[in-house]
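Given these sequences and hints, build the entire structure.
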Amino acid sequence: MTMSRDFVNRRLHSLLGVIPLGVFLIQHLTVNHFATRSEEAFNAAAHFMESLPYRYVLELVVIFLPLIFHGIYGVYISFQAKNNVSRYGYYRNFMFLLQRITGIITLIFVTWHVWETRVQAMLGAEVNYKMMESIFENPLMIAFYLVGVLSAVFHFSNGLWSFFVSWGITVTPRSQQICTYVTMAIFVALSIVSVRTILAFI
Amino acid sequence: MSEKKMVKFIITRKDNADSSSYKEEFEVPYRPNINVISALMEIQRNPVNAKGEKTTPVAWEMNCLEEVCGACSMVINGKPRQSCTALVDKLEQPIRLEPMATFPVVRDLQVDRSRMFGALKKVKAWIPIDGTYDLGPGPRMPETKRQWAYELSKCMTCGVCLEACPNVNDKSEFIGPAPLSQVRLFNAHPTGEMNKGERLNSLMGDGGLASCGNSQNCVQSCPKGIPLTTSIAALNRDTAFQSFKNFFGSDND
Chain B
1 MTMSRDFVNR RLHSLLGVIP LGVFLIQHLT VNHFATRSEE AFNAAAHFME SLPYRYVLEL
61 VVIFLPLIFH GIYGVYISFQ AKNNVSRYGY YRNFMFLLQR ITGIITLIFV TWHVWETRVQ
121 AMLGAEVNYK MMESIFENPL MIAFYLVGVL SAVFHFSNGL WSFFVSWGIT VTPRSQQICT
181 YVTMAIFVAL SIVSVRTILA FI
Chain A
1 MSEKKMVKFI ITRKDNADSS SYKEEFEVPY RPNINVISAL MEIQRNPVNA KGEKTTPVAW
61 EMNCLEEVCG ACSMVINGKP RQSCTALVDK LEQPIRLEPM ATFPVVRDLQ VDRSRMFGAL
121 KKVKAWIPID GTYDLGPGPR MPETKRQWAY ELSKCMTCGV CLEACPNVND KSEFIGPAPL
181 SQVRLFNAHP TGEMNKGERL NSLMGDGGLA SCGNSQNCVQ SCPKGIPLTT SIAALNRDTA
241 FQSFKNFFGS DND
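Chains B and A are the protein sequences, given in the same order.
Counting from 1, one number per residue, gives the positions in the first sequence under the numbering used here.
Counting from 1, one number per residue, gives the positions in the second sequence under the numbering used here.
I should point out that these hints are in silico values taken from the structure, not numbers from a laboratory.
The reader is advised that the hints may include incorrect statements.
[Claimed, not checked] Cross-link-like lysine-lysine pairs, in silico, DSBU-like; alpha carbons within 30 Å at most: (1) A:Lys-224 <-> A:Lys-79; (2) B:Lys-82 <-> A:Lys-122; (3) A:Lys-90 <-> A:Lys-51; (4) B:Lys-82 <-> A:Lys-154.
Spelled out as structure tokens, the structure:
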């Protein structure tokens with residue numbers, strides 16, 4: 001029997017959001033968090049990541065290919081929905097809408113962020129503490145990064161909840177409820193990590 | 001009080017499938033324990049709108065009048081539900097009646113729910129037992145399973161869950177929660193289980209299970225309290241296993 005492209009794409013979209021993208025997000029936030037210790041600690045951690053073996057393969061397979069698929073297919077999914085939160089103001093419906101909004105914000109933010117850091121690195125700029133410090137000299141950029149990073153963190157945490165449902169791991173309402181608490185705790189924890197990091201550059 | 005108490009209705013009307021919709025107000029004399037259907041019947045008897053103009057009677061569908069057939073579903077004060085169990089005493093006035101616009105509107109409050117019946121055929125929501133000879137009694141069903149399966153069998157294809165779902169719309173092929181849950185029902189049946197794989201594979205088609213975005217409006221809206229999102233999550237698990245079987249191969253089914 002045939003599994004339709006719809007089915008395979010949706011499942012792949014759900015999986016890629018957690019593995020590798022979610023894993024990468026946590027790793028990225030963790031490495032950046034070194035900025036709260038000192039400029040040297042951040043630069044050393046960033047340098048370590050830069051000097052990983054077969055870096056380009058890792059970047060392509062772990063980050064860029066999944067990101068492009070997840071991003072483009074995600075936009076398609078978002079615009080398929082006819083949101084109706086005003087009529088059905090239930091918690092999950094609200095999260096459904098937020099998931100789509102934060103997804104779009106994250107895509108815009110990440111595209112900008114990749115351009116500003118990774119692409120600039122390719123063009124010869126050095127990605128280090130100083131670079132972020134100079135970006136954050138503009139208060140608008142601080143706001144943009146706060147919104148972008150918090151959107152990404154929310155999108156990951158709430159997406160993790162959907163992942164558990166979409167793969168049939170949390171089936172009962174009770175398990176889904178507890179999963180909501182756990183994923184929202186993850187959202188809060190990762191938000192603290194990312195906001196502290198951003199503030200460290202200012 | 002000499003003046004009679006009136007109930008005010010604002011009804012979204014449409015003269016035929018191709019014309020545009022408009023709103024018309026009606027005032028219906030109040031009677032104790034009146035429901036939306038008896039008010040609509042009153043309008044049918046005396047089709048005069050609130051301005052006192054003679055108009056066409058409002059069209060709607062109804063059948064069982066006890067919330068088991070699903071025919072009289074409409075959007076009442078913003079929420080899709082059955083008009084037979086919508087008691088005027090419990091509704092905020094003016095009472096706004098609209099058709100469930102997720103479906104093609106035939107006329108006024110009457111919609112065409114054919115897509116739901118089409119979806120039931122698509123997912124093979126039945127148990128094939130017809131044959132050329134007597135197959136004998138089927139296997140027994142465990143009582144605990146029968147109990148939850150019975151809840152799923154309460155589905156009356158009323159369309160409320162489709163109306164509430166943000167992913168059921170003209171931009172998507174999604175068949176909606178109701179037919180999905182029916183797959184779980186028929187797969188739970190000991191005889192129906194023999195065709196489990198076929199039904200799961202049909203769910204993995206376009207517009208099937210994967211189009212669910214987990215807004216969970218369906219389970220909040222279902223008038224029969226069917227655990228639709230539990231069904232969806234259970235089927236997500238079943239199709240995950242089924243897709244592995246399909247791809248890697250298996251002796252079962």
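Results for each hint:
As the CA atoms of Lys-224 (chain A) and Lys-79 (chain A) are separated by approximately 15 Å, the hinted pair is consistent with the 30 Å bound. For the suggested pair Lys-82 (chain B) and Lys-122 (chain A), the alpha carbons sit about 24 Å apart, so the restraint of at most 30 Å is met. Note on Lys-90 (chain A) and Lys-51 (chain A): the hinted pairing holds, with a Cα-Cα distance of about 25 Å set against a maximum of 30 Å. For the proposed pair Lys-82 (chain B) and Lys-154 (chain A), the alpha carbon gap of about 28 Å is at most 30 Å, so the pair holds.
Checked against the numbered hints above, the structure breaks none of them.
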